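Those letters in the sequence shown? Residues 1 to 481, by the numbering used here.
FYI, nobody ran anything at the bench for these hints, they're computed from the structure. Just so we're clear, the structure is a prediction, and the values are computed from it rather than from any experiment. Quick reminder that beta carbons are idealized off the backbone N, C-alpha and C, glycines included. Treat the hints with care, as some may be off.
What the hints assert, rightly or not - In silico SDA-like cross-links for lysine to any residue, where the CA-CA straight-line distance does not exceed 20 Å:
#1 K33 <-> T84
#2 K260 <-> L273
#3 K429 <-> R397
#4 K384 <-> G312
Claimed, not checked - DEER-style ranges, computed between Cβ atoms:
#5 G383 <-> P428: 46 to 56 Å
#6 L273 <-> T153: 33 to 43 Å
#7 E441 <-> D278: 25 to 35 Å
#8 F453 <-> G158: 21 to 31 Å
#9 T404 <-> S284: 26 to 36 Å
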Amino acid sequence: MSESENKELPDLAPLSERIFDLDSKDESYVIEKIDGVLPDYIAGNYYLNGPARFVVGGLRYRNWLDGDGMVSALRFEAGQVHFTNRFVRSVKYLAEAEADSPLFRMFGTAFEGDRLRRGVGTESPVNVSVYPYAGTLLAFGEQSYPFELDPVTLETRGPYTFQGRLNDISPFSAHPKFAPDTGDLYNFGISFAGVQPSLTLYRFDRSGNMIYRKRTPVDYPCTTHDFGLSPRFAVFYLCPYILDMQQLLQGHTATIDALKWEPERGSQLRLFLRESGDEKVVISFGNRYCLHLANCFESDNLLTVDVIEHDGTLYDQYMPIPDLFRTATRGGPVRYVVDTDRGEVVTRHEIAYYHSPDFPALDPRFFTQSYGHAWMLGISQTGKEGRKFFDELAHVRWEEDAVTDVYRTPPFHYLGGEPVFIGDPGDPKTGTILCQLFDAEHRRSAFVLFDAFDVAAGPIATLHLDNPIRLGFHSCFQSEV
1 MSESENKELP DLAPLSERIF DLDSKDESYV IEKIDGVLPD YIAGNYYLNG
51 PARFVVGGLR YRNWLDGDGM VSALRFEAGQ VHFTNRFVRS VKYLAEAEAD
101 SPLFRMFGTA FEGDRLRRGV GTESPVNVSV YPYAGTLLAF GEQSYPFELD
151 PVTLETRGPY TFQGRLNDIS PFSAHPKFAP DTGDLYNFGI SFAGVQPSLT
201 LYRFDRSGNM IYRKRTPVDY PCTTHDFGLS PRFAVFYLCP YILDMQQLLQ
251 GHTATIDALK WEPERGSQLR LFLRESGDEK VVISFGNRYC LHLANCFESD
301 NLLTVDVIEH DGTLYDQYMP IPDLFRTATR GGPVRYVVDT DRGEVVTRHE
351 IAYYHSPDFP ALDPRFFTQS YGHAWMLGIS QTGKEGRKFF DELAHVRWEE
401 DAVTDVYRTP PFHYLGGEPV FIGDPGDPKT GTILCQLFDA EHRRSAFVLF
451 DAFDVAAGPI ATLHLDNPIR LGFHSCFQSE V
């Protein structure tokens, strides 16, 4: 995997294949080389999850979502930063390690003799997100219960079933949301049953006790990755990216090959009451694709829903490894305002940044509230054919209706990990953005910190790792200030 495998298209992300051929390993050490100055208000734990192993027993995975999950942690304490990196010992990871062979069909990779969980679902590599909850740390993958980790050592303790309320075929997404007022955990899952697909909304209290599980029929078996919370609602943007379960279960078909983009069906906004889990509003609108929401907030009967919309789907752009985003379509931040009494979209407004951004983040103190800023990773070469990767950190100023603050990496450098905002508790207008930077030319990894309100100026501090690590997906910060 030494270079682009597609010789017909331009290589717009040279050496990016090195992102996927790293020999990731469990490790733990104090970071000795730090350039710049760390803000003194940063104290606590940063966590990141993402796929890190793309070859199992000689089988090379095709899709970025296939890799086994690895969680990284940075502990900021007493002027030092301690780094820990460890694979999640999922059911898949342990079984394949014992067999020294691939066993399970993955999202983007199928092979002769592969297995499905109970014959109907893929075995999760637990590679999407990680969050502190109920005194422990949970790593999440798609359509599966999470796995509990030791918050310090990252050692895997085992499946976390919310006191037996989930089993190994319970639909459960990798994007839980935590209510800032109560600490309750909300999540959802999609059932792709051909006769009557459905959406299940879950609510658990801060101790892991289930408050409700509500199942609601949906019009089609749509893949849905994320959702939003506002003070009163759980907010879903359902896109017509349809999973054909019959095709998935016949022969050896990877999930990605059983997905079909059917924009003629249209998209929907569906609002559920947070208190009860009952559905309140269904709004048909547009036909674009949304993978992630940024934030939702309310003013009287008006609900604002901030999302990242794309002209086309993204999962197919995660392959074939290492040639990602070859034909990535335009995408950017969009703000919808919805009248929840009348059940209609009042306005839709795009911000003119179309570099196929992803991993939107905000100051968590403003989650479910009106806010002015968001941050996301972007791909500068969007619109051109050829493999690409994230090379921009973009700062959205909603109140100015603009993205004018953008950091662009040097050549052969790529960004990863959802940008995390770490705020100064003494000044709401001061904060730091933390994400990953990979130097593909020299095979070096670092975590970089930016002034959140002037990312274009470049990193204010760089944490150089002893060994290179993969670029991850979702992250979070648990402050101890």
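Structure-based check of all given hints:
A C-alpha spacing of about 15 Å is found between K33 and T84, which places the hinted pair at or below 20 Å, so the restraint holds. Straight-line distance between C-alpha atoms of K260 and L273 comes to about 30 Å, which puts the hinted pair past the 20 Å bound. Annotation: proposed proximity of K429 to R397 holds, straight-line Cα distance about 13 Å (limit 20 Å). Taking the CA atoms of K384 and G312, the gap is near 15 Å; set against the 20 Å cutoff, the hint holds.
Range check, G383 to P428: about 37 Å between beta-carbon atoms, so the 46 to 56 Å window is missed. Take L273 and T153: their Cβ atoms lie about 40 Å apart, and the range 33 to 43 Å holds. In this structure, E441 and D278 break the distance hint of 25 to 35 Å, their C-beta atoms being roughly 54 Å apart. Taking 21 to 31 Å as the suggested C-beta distance range, the pair F453 and G158 does not conform, at roughly 42 Å.
Against the hinted window of 26 to 36 Å, the Cβ-Cβ separation of T404 and S284 comes to about 34 Å, which satisfies the hint.
Checked against the numbered hints above, the structure violates hints 2, 5, 7 and 8; every other hint is satisfied.
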